[in-house]
Amino acid sequence: MSSEAATDAPAEPPKAAGRLRRSFDRNWYAWAMVLPTVIVLGVLVLFPLVQGVYQSFTNLTEANQDEVICTKTLGGGEECKENPKKAEFVGVDNYVDLLTGERGSFWLQFTNTVVWTVACVFFHYTIGLGLAVMLNRRMRFRSLYRVLLIVPWAVPGFVAAFGWKFLFNPRFGLINEGLVNIGLDPVEWFNHRWTGLFAAICTNVWLGVPFMMVAILGGLQSIPSDLYEAAEMDGATPWQRFRNVTLPGLRPVSSTVILLGTIWTFNMFPIIFFVTGGEPAGQTEILVTGAYRAAFEGVRNYSLAATYGVLILSLLMVFASAYRRTLKAQGEVF
Amino acid sequence: MTTVEVSKPAPKPAPKQLQRRRSDRPLLASLALHATLLGATVIALFPVLWILLSSFKPADRIQSSEITLVDDPTLENYRAVLFDTPFPTWFLNSVIVAAFTMVIGIAMSATCGYALSRFNFAGKRGLMWVFLITQMFPVAILIVPIYTIMANLGLIDTKPSLVIAYLTVAVPFCAWMLRGYFDTIPKELDEAAALDGLGPFGTFWRVILPLARPGLAVTAFYTFLTAWGEVAYAIAFMQSRNKLTLGAGLQQFVPQFNPQWHLLTAGSVLILIPAAVVFFFAQKHLVAGLTAGGTKG
Chain H
1 MSSEAATDAP
11 AEPPKAAGRL
21 RRSFDRNWYA
31 WAMVLPTVIV
41 LGVLVLFPLV
51 QGVYQSFTNL
61 TEANQDEVIC
71 TKTLGGGEEC
81 KENPKKAEFV
91 GVDNYVDLLT
101 GERGSFWLQF
111 TNTVVWTVAC
121 VFFHYTIGLG
131 LAVMLNRRMR
141 FRSLYRVLLI
151 VPWAVPGFVA
161 AFGWKFLFNP
171 RFGLINEGLV
181 NIGLDPVEWF
191 NHRWTGLFAA
201 ICTNVWLGVP
211 FMMVAILGGL
221 QSIPSDLYEA
231 AEMDGATPWQ
241 RFRNVTLPGL
251 RPVSSTVILL
261 GTIWTFNMFP
271 IIFFVTGGEP
281 AGQTEILVTG
291 AYRAAFEGVR
301 NYSLAATYGV
311 LILSLLMVFA
321 SAYRRTLKAQ
331 GEVF
Chain U
1 MTTVEVSKPA
11 PKPAPKQLQR
21 RRSDRPLLAS
31 LALHATLLGA
41 TVIALFPVLW
51 ILLSSFKPAD
61 RIQSSEITLV
71 DDPTLENYRA
81 VLFDTPFPTW
91 FLNSVIVAAF
101 TMVIGIAMSA
111 TCGYALSRFN
121 FAGKRGLMWV
131 FLITQMFPVA
141 ILIVPIYTIM
151 ANLGLIDTKP
161 SLVIAYLTVA
171 VPFCAWMLRG
181 YFDTIPKELD
191 EAAALDGLGP
201 FGTFWRVILP
211 LARPGLAVTA
221 FYTFLTAWGE
231 VAYAIAFMQS
241 RNKLTLGAGL
251 QQFVPQFNPQ
261 WHLLTAGSVL
271 ILIPAAVVFF
281 FAQKHLVAGL
291 TAGGTKG
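From first to last, the protein sequence lines stand for chains H and U. Going by the numbering used here, the residue at position 321 of the first sequence is 321; the numbering climbs one at a time, nothing skipped. Going by the numbering used here, the residue at position 270 of the second sequence is 270; the numbering climbs one at a time, nothing skipped.
Think of the hints as simulated: they come from the structure by calculation, not from any bench. Just so it is clear, CB atoms sit at the ideal spot from N, CA and C, and this is done for glycine as well. There's no promise every hint is true.
[What the hints assert, rightly or not] Label-pair distances were calculated between CB atoms; the ranges are:
1. H:ASP25 with U:GLY202: 16 to 24 Å
2. H:PHE89 with U:GLU76: 54 to 62 Å
3. H:LEU247 with U:ALA122: 32 to 40 Å
4. H:GLN330 with U:ASN120: 23 to 31 Å
[Claimed, not checked] To give an idea of the interface, some chain U residues facing chain H are shown, with a C-beta separation under 7 Å as derived from the structure:
5. LEU37
6. THR111
7. ALA236
8. ALA275
Assemble the whole structure, with the sequences as input and the hints as a guide.
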């Protein structure tokens, strides 16, 4: 293909152009195939993204978003003049305000987000791993267990949130009923920061374990069985086999699902929004819901929400690259 | 616990050893295994069953924690949800929005998934990175600019605005997933097709696409479900009561002080049924595609 291109265009003197031409000849159909996606991403993702980053450096709110103010004149026409208070560029003010706690409660939400993400991903992974290891053995009812255990995955997030809010209801929820039955006091789940977060974490753990379980189960089945036989031959105990065969064999799957799980949990909107709703008084808000409330509640502060967004994205990108680097240092590339 | 672990057989013994091993497992270990799995199953199912059970209780008795199976079961809640609220409209809105997201998302990303799977071209790595990074986009960073753009275009409170917002997630996700499926189709087929004189597009359209039908179906279903369960954009963009989708609509049953649990539970069951049906056909292939795309990325 490339040599053909070269003979086709022998008259092209500059090397760079020739290379470009050859590259085009070789790649044009690949690029054509990628084109629709790239256009969609450019228009729907890149353009708003750039705009969002720009908004985070302005003081844009619902009140000052109009470029011009139009007033009806007596003659029935409209007279427009420039909005004297229109949004303007304010530099890094939003970032300073957010990070110093001048506006919003970034650090409270940040702590909540970290607790929320770490707790959820930890329990997702460990419970998922435990169940997958159990399901990976030959036994009766195996496929039945498997199907029943993934039921929560089929439940849309907001439905799960309502369901668990129902269970955690302080007045008639089953969970308080259970506590009373075993002789404990009922808990006002949503009157305290940590109990509220606990309820939300329970909901999300319930919702997220099946994904981990199925993913890890797939990983377990790809570990060659002769590794286990060899280990057994060498007299390895079951625990040693788990440590030295199962866990290393799962690494490619684990590293992917933990990264994805962390990103998804970090940005998980519906659970916090519906289960705790930030009760009490915004104490259980995470960053994503905090941004949402800044943008769509009270006087809509678009610029502050955009600032939140940029900060969340930066945090995640730092996390993801650190994560990749750690894996690479350990000889794992994905 | 130690007894369980000591008797743990190799997870994948050769078939011949299997018989010996199964009968080998001490009764106690077997019991512990089944008890744990049974416990987990109960936890997995209970919230769903409890909602189902509660949805048949009369509205005035739903706020009781007694576990009663047949104490005056009634379909009144379902009647109320279907005929006294705009629930059917919301349901229809959700179906339309999710269906459009699904079809457009797949159409826009299928060829891209194929190109990523088969060709090495300049910009490929960068594109893969973009897909990974878009997964990291919080709702928070796109929702405001998309909202202001939609407001300028006068599209707020219309279905297209939601479809467009969902596509920001759906297109990269579909491309990523489909690439994983295309990777599982042997390359020899492409070469054979090329020998028979098919160009790259012909190969894709006539050979690969038909073979990838299960993968396409799964990706489509999953995209549908994601849109079906989305709430953040839905609540922000849709304002008139009869234009809401399910996620935003169900919230209407939760006014500040007096949640209407009888409507909530019945509505939840009605939302769950199609989601569950779709899901159980798709789940088996779903994870394979997701992790295949991920590990090779």
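Hint by hint, here is what the structure shows:
Between ASP25 of chain H and GLY202 of chain U the Cβ separation comes to about 18 Å, which falls inside the hinted range of 16 to 24 Å. Checked against the hint of 54 to 62 Å, the C-beta distance between PHE89 of chain H and GLU76 of chain U comes to roughly 58 Å, which is consistent with it. Checked against the given bound of 32 to 40 Å, the beta carbons of LEU247 of chain H and ALA122 of chain U, roughly 39 Å apart, stay inside it. A beta carbon spacing of about 28 Å between GLN330 of chain H and ASN120 of chain U agrees with the range 23 to 31 Å that was offered as a hint.
About 5 Å separates the beta-carbon of LEU37 of chain U from the nearest beta-carbon of chain H, less than 7 Å, and the hint is met. Because the closest C-beta pair between THR111 of chain U and chain H is about 4 Å apart, less than 7 Å, the hint holds. Against a cut-off of 7 Å between C-beta atoms, the interface hint on ALA236 of chain U holds, since the closest Cβ of chain H lies about 5 Å away. The interface hint given for ALA275 of chain U holds, since its Cβ lies 6 Å from the closest Cβ of chain H, which is under the 7 Å cut-off.
The structure meets every hint from the earlier list without exception.
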